[in-house]
Amino acid sequence: MSFMLNGVEIEDTFAEGFSMWGSRIVITAVNRRWANIAASTMTGFATSVIACDCEASIEREVPPDETPDGRPGTAVMVFGFSRGRLTTPMLNRIGQCVLTCPTTAIFNGLPEEEADAMLDVGKSIRFFGDGYQVKMRMDDGWVGRRRFWRIPVMEGEFLVEEKFGAKRAVAGGNFLVMGETEAATLEASERAIEAIHTVPLVITPFPGGLCRSGSKVGSTYPFLRASTNTPFCPAIKETFPDSQVPEGINSVIEVVLNGLDEKSVKAAMAAGIRAATEVEGVKWITAVNFGGKLGKYNLGLKDALGVS
Amino acid sequence: MKELTLTPTTMPKIPVEAEVICPDVVAGRTLEEIRGLKVYVGNSVHGLGEFFEVEGEVADKAAEQMIVIDGSVPTVKYIGAKMSAGSILVRGCAGMHTGAQMSGGELSVEENTRNWAGAEMRGGLLRIGGDSRNQTGAAYRGSSEGMMGGCILVEGDAGFETGSFMRRGMIVVKGDVGPFAGVHMNGGEIFVFGRAARRLGAEAKGNGGFIACLGEVESLLPTYVYDTTYVPTMMKLYMRQLKEGLGVLKAESFLDAPFRRYRGDVAVGGNAEILIAEKL
Chain A
1 MSFMLNGVEI EDTFAEGFSM WGSRIVITAV NRRWANIAAS TMTGFATSVI
51 ACDCEASIER EVPPDETPDG RPGTAVMVFG FSRGRLTTPM LNRIGQCVLT
101 CPTTAIFNGL PEEEADAMLD VGKSIRFFGD GYQVKMRMDD GWVGRRRFWR
151 IPVMEGEFLV EEKFGAKRAV AGGNFLVMGE TEAATLEASE RAIEAIHTVP
201 LVITPFPGGL CRSGSKVGST YPFLRASTNT PFCPAIKETF PDSQVPEGIN
251 SVIEVVLNGL DEKSVKAAMA AGIRAATEVE GVKWITAVNF GGKLGKYNLG
301 LKDALGVS
Chain F
1001 MKELTLTPTT MPKIPVEAEV ICPDVVAGRT LEEIRGLKVY VGNSVHGLGE
1051 FFEVEGEVAD KAAEQMIVID GSVPTVKYIG AKMSAGSILV RGCAGMHTGA
1101 QMSGGELSVE ENTRNWAGAE MRGGLLRIGG DSRNQTGAAY RGSSEGMMGG
1151 CILVEGDAGF ETGSFMRRGM IVVKGDVGPF AGVHMNGGEI FVFGRAARRL
1201 GAEAKGNGGF IACLGEVESL LPTYVYDTTY VPTMMKLYMR QLKEGLGVLK
1251 AESFLDAPFR RYRGDVAVGG NAEILIAEKL
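Quick note, the sequences are listed as chains A and F, same order. According to the numbering used here, the residues represented by the first sequence are 1 to 308, in order. According to the numbering used here, the residues represented by the second sequence are 1001 to 1280, in order.
Just so you know, the hints here were simulated from the structure itself, not pulled from any lab data. Be aware that a few hints might be false.
As the list claims (entries may be wrong) - Partial selection, computed: residues in chain A whose CB lies under 10 Å from chain F:
1. R71
2. D139
3. F148
4. F158
5. L159
Stated by the list, open to error - Once the Cα atoms are required to be at most 30 Å apart in a straight line, the calculated DSSO-like pairs of lysine-lysine come out as:
6. F:K1279 <-> F:K1243
7. A:K135 <-> F:K1250
8. F:K1243 <-> A:K163
9. A:K135 <-> F:K1205
10. A:K135 <-> A:K123
11. F:K1250 <-> F:K1205
12. F:K1082 <-> F:K1061
13. F:K1013 <-> F:K1082
14. F:K1038 <-> F:K1082
15. A:K237 <-> A:K302
16. A:K283 <-> A:K293
17. A:K123 <-> F:K1205
18. A:K263 <-> A:K283
19. F:K1002 <-> F:K1243
20. F:K1002 <-> F:K1038
21. A:K135 <-> F:K1243
22. A:K216 <-> A:K302
23. A:K263 <-> A:K302
24. A:K135 <-> F:K1082
25. A:K163 <-> A:K296
26. F:K1205 <-> A:K163
27. F:K1038 <-> F:K1013
28. F:K1279 <-> A:K135
29. A:K283 <-> A:K302
30. A:K123 <-> F:K1243
31. A:K296 <-> A:K167
32. A:K163 <-> A:K123
Glycine included, every Cβ here is placed at the ideal spot set by N, Cα and C.
With the sequences and hints as input, model every part of the structure.
Structure representation (structure tokens):
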């Protein structure tokens, strides 16, 4: 079953999202360049928990008037399978990639009232101060209560918020863009990513937001738990017995997204799909699922797009 | 917010102790009951209605109660003491212990207050439109815990021992402060935009506490050690809060200011900071 959108066939299927813990932080620095450098470094090698310690990416650039210290900021989101498996990579990545980056400071980007838990990340990082760290208390008994740590570093002082909000989030939102040519598929996917990043609280952790080598669970090799998504590889569509690549499709790119809630992920999927359908040469869009056996979120394309 | 107006009539020569002028006390009472609330003048007990005309509306909960004192009452003590919610506006001066030990709500005095304003405050916001005399936000004698939270904003000058034994919270003085500001301080923040007099931070222990001097400093104790001159990121947070949250427009000019950082008071093994803004 399928339906048409802007002349592109959309399969009536769903992306199978699964539950992860997500957190959002805001990194600020003296200028946009250093904020982005810290954020990019921190989110390196964090595409998929298949082989990375977490999934992470830049959510958006935050203008100075929206950051706590009035400097340019970059919002980063990190996802892990449990609170512990989120805290550890955050601690390591902030410690190695943000603390080390000149002029940076780091703030919680998920307020306590919206979070399911508060992670003691800054509280642990403070020990780097070797006893010279200073606790900074703001707004006691007045407009709220915020806690920071000021850690002396060779360049000056690193400011880190004591706790970071985390909540049960949705990972594995996805859709496949299928086109007649590699160029058309790439252009459509790029437009999809641009559109997705207009939706808050969503990240696309793969390179540039795109995954050209979508994977399936398992392989013919006993030592490999994930392998190339053979049903969607155009290069073997005539060789592979159960190929799902439609006629005339020569390139497929997967757009993968994680979000802090189901609503945001669906909104981002819809924005991405609509943008992708505007490119000539795109013929078919579908999504990857495992028959509803693995994840608890069935992110239907029809539902996301609001098509009845 | 329901507004209850207290208009001062005849005041005795000796102070009136009126801790009943507090949203927590008046909420849920009738006007007649409020007129009969006990106030102390020396060793005699009087009704509040003997010194104030009481009119207006009374809320069921303190958080929805606003009390307006429509006139200057410099001899009325303990206005808003121990208040936890609601608001009080004094259209004039207020007496000693205004807002002492308050834990929430907002208390605004349009003109001056006398000694011990906001003493041992726990929370809430105390705005003083004029000068505040001595021991603003201080600990009472014998106590080792001064201000534990909340914010005091003094538009004018503050006297001596401002924020003594302070543990948490914030005191902002747009004018000058007298000697011994932050004495025995063990946390909290004091911002002085005017001139800071001698003995600043004497015997302060630290615990994250600092005094930020954004104007002139009369002298520093020799037991404060100069560390460095730098632009602390944390100061940007405070300066934004002062400007946007409290309307201290001067704060904006210190957003990127370098500060000289002194640590002490080493006489007591302290780790408190005095941050002095460099002239830009």
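Taking each numbered hint in turn, which are not upheld by the structure, reported in ascending numerical order?
Per hint list: zero violations.
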